[in-house]
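Undergrad: Next come the chains, spelled out residue by residue.
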Amino acid sequence: MEKTALFNYILGIADNNLILGQGLGELCGHGPNLETDIALTNIALDLFGQTRSYYQYAAKLSAIHKTEDDVAYLRKEREYKNVLLVEQPNTHFGYVIARQYLFDVFNYLFVEKLQHSKDETLSAIAKKAIKEVSYHKRFSGDWVKRLGDGTEESNQKMQEAIDGLWQYTNELFEMTEADEIALKAGIGVNLSELKEAYYKEVSEVLKEATLTIPENPYFQKGGKQGIHTEHMGYILADLQYMQRTYPNMTW
Amino acid sequence: MSEKEIKNLEQIFEARIERDEKIEPKDWMPEKYRQTHIRQISQHAHSEIVGMLPEGNWITRAPSLRRKAALLAKVQDEAGHGLYLYSACETLGVSRDELYEQLHSGKAKYSSIFNYPTITWADIGAIGWLVDGAAIINQVPLCNTSFGPYARAMVRVCKEESFHQRQGFEIMLTLCRGTEEQKAMAQDALNRWWWPSLMMLGPTDAASVHTEQSLKWKLKRKTNDELRQQFIDQTVPQADILGITVPDPDLKWNEETGHYDFGEIDWDEFWQVVKGHGPCNKERMKARVDAWENGAWVRDAAMAYAEKQQSKKVAKAS
Ligand SMILES: [Fe+2]
Ligand SMILES: [Fe+2]
Ligand SMILES: [Fe+2]
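Protein chains in written order, with the working numbering: chain B, 1 to 251; chain V, 1001 to 1318.
Keep in mind the hints are simulated off the structure, nothing from the lab. You may find that some hints are simply not true.
Here are the simulated DSSO-like cross-link-like pairs (lysine-lysine), alpha carbons at most 30 Å apart as the crow flies [what the hints assert, rightly or not]:
hint, chain 1, residue 1, chain 2, residue 2
1, B, 66, V, 1222
2, V, 1032, V, 1312
3, B, 207, V, 1312
4, B, 207, V, 1313
5, B, 207, B, 66
Stretches of chain V that chain B covers, calculated by requiring three or more beta carbons in the stretch to come under 8 Å of a beta carbon on chain B [what the hints assert, rightly or not]:
hint, region
6, 1007 to 1021
7, 1107 to 1117
8, 1176 to 1190
9, 1240 to 1251
10, 1283 to 1291
Using C-beta positions, here's what the derived DEER-type ranges look like [claimed, not checked]:
hint, chain 1, residue 1, chain 2, residue 2, range
11, V, 1240, B, 67, 49 to 57 Å
12, B, 234, V, 1283, 53 to 61 Å
13, V, 1275, B, 250, 40 to 48 Å
14, B, 244, V, 1180, 17 to 25 Å
15, B, 135, V, 1225, 44 to 52 Å
16, B, 142, V, 1179, 32 to 40 Å
17, B, 234, V, 1282, 19 to 27 Å
18, B, 210, V, 1005, 55 to 63 Å
19, V, 1105, B, 142, 27 to 35 Å
20, V, 1261, B, 135, 27 to 35 Å
21, B, 3, V, 1282, 31 to 39 Å
22, V, 1166, B, 90, 53 to 61 Å
In this text, a Cβ means the ideal position worked out from N, Cα and C, and glycines have one as well.
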């Protein structure tokens, strides 16, 4: 597979981890109790760990971005390829859990397949990540059930979050040009094949959580093409602040 | 129990401490011992979780992925410290909710150092180096304190604090070996954090209310002034390695005493912050109260869900 295409393929995976981790990092110290605070921070740490492995590999393929930090910090907004779902804000704990769960189910299915990639590095990263991702899905899924089937208030809040974020789920399965090339090369994952299993699993858990599966047929997309929501600029302003203000320094 | 019996129990109790035996939660203990420990351990626990805030302030802006992950892990460690300490405190018959209530109402104190703002990345280095450094000096003696659960929590906490301290120093070292601008950032952080770090070791012995009793119960093994001297003697050479200057014109090695002499601490500032009027007291408290209040529906849901699951289990079994 040609280097630029592989580079883009990796960003399509890793940017999701970076931006989701960034959102969770913002919560550290502000959780509803210490135990959940610690657990969410663990997830953020896993996500950043995976991000670093992917970006270290990406940096080897790029002529412009020489280090993981160049890849993470020195791109323009349009060059970030994460899905819109992961850049949605921490509106309340229900949103945090819904965003996490809706991503985790996808991520688990994805990483499971990526383990069989012909690209040895990607396959190795996936093999290491699968345990972590499986834990994330269990954690967020358990919380979907707790909040959905907890109190009347928590049910309402969880439903609100699911309804609000549902429109971003479909983008997870959209195949980009890099996805197509990677798939043909035996390196990438066929995302459209994951879709059925995804909605089946999510629907079952929502049902168990006494939540209603949204019927809205309208979906948002654009993240994979670098066309983000208005939240993204602020996320990057924080993320890139040091690197942009003090360029070319070692930290 | 008669007064004589209590006297007797107290004597046995003090003798056990004298022999360096550990007091465990189920053992008889004087009420004053219990109350003093609840106060000190909860104050320590509160410091850990309020301490998450100034450093948490830089997680989204950490300058590299490695630093970001390390900072997240550090702040998470502090949450873990809070957790062990609240648990140790709960063994004395007080609930975590009560302890939070005391923090949120302002009845309980926490280390006043966390009421200072973190305004540059170098502050993250300075906190690790100085604040965790001072915390270690305070806490290492507590690994041998008389109350078992506290002593055991401290062993674990101290290990992690010394890792934090080295990590903080390493952030400073990287800055000091970097560009002029980075070195200036490190110097500025030292200027702002030096004096509050000295204050962290507590008021001077003359002004300290609890010292004598605390020494007897091994809640303290050295006085505040001794600890402060130890901190200064240990830290000044580290500043020399970094090549930055401790902001104290009176600081001077004293050949005779084998210690550094140092300048006057501004105790008015200390008491102002302790009394709630430091630069960030209100923000810190608001952040804690908000997290707690905004989390109420989540905790309620978890409880309600657990109850439902429990009654389902019971229904199945019967
Ligand atoms: Fe501490
Ligand atoms: Fe700590
Ligand atoms: Fe620490």
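Undergrad: Just tell me: holds or violated, for the beta carbon distance of residue 234 of chain B and residue 1283 of chain V against 53 to 61 Å?
TA: 20 Å, violated
Undergrad: I want to verify a distance hint. Is the separation of the beta carbons of residue 142 of chain B and residue 1179 of chain V within 32 to 40 Å?
TA: Given about 47 Å between the Cβ atoms, the range is violated.
Undergrad: For the region 1007 to 1021 of chain V, does the count of residues with a C-beta closer than 8 Å to a C-beta of chain B reach 3?
TA: n = 0 at 8 Å, threshold three: violated.
Undergrad: Holds or violated: residue 207 of chain B with residue 1312 of chain V, Cα cutoff 30 Å?
TA: Satisfied, since the Cα-Cα distance of roughly 17 Å is no more than 30 Å.
Undergrad: Within the assertion that chain B covers the region 1283 to 1291 of chain V, do at least three residues meet a Cβ-to-Cβ distance smaller than 8 Å?
TA: holds (count 3)
Undergrad: Is the distance from the Cβ of residue 1275 of chain V to the Cβ of residue 250 of chain B consistent with 40 to 48 Å?
TA: 42 Å, holds
Undergrad: Taking 30 Å as the top limit, are the C-alpha atoms of residue 207 of chain B and residue 66 of chain B close enough?
TA: Violated, at about 47 Å.
Undergrad: Is the Cα-Cα distance between residue 66 of chain B and residue 1222 of chain V 30 Å or less?
TA: Not satisfied, since the Cα-Cα distance of roughly 52 Å exceeds 30 Å.
Undergrad: Are residue 1261 of chain V and residue 135 of chain B spaced within 27 to 35 Å by their CB atoms?
TA: 54 Å, violated
Undergrad: Apply the coverage criterion to the region 1176 to 1190 of chain V and chain B: a residue qualifies when its Cβ sits closer than 8 Å to a Cβ of the chain, and three qualifying residues are needed.
TA: holds (count 4)
Undergrad: Counting residues of the region 1240 to 1251 of chain V that have a beta-carbon nearer than 8 Å to any beta-carbon of chain B, does the count reach 3?
TA: violated (count 0)
Undergrad: Could you check the hint for me, namely that residue 3 of chain B and residue 1282 of chain V are 31 to 39 Å apart, CB to CB?
TA: 53 Å, violated
Figure legend: structure checked against the earlier numbered hints; hints not met, in rising order: 1, 2, 5, 6, 7, 9, 11, 12, 16, 20, 21, 22.
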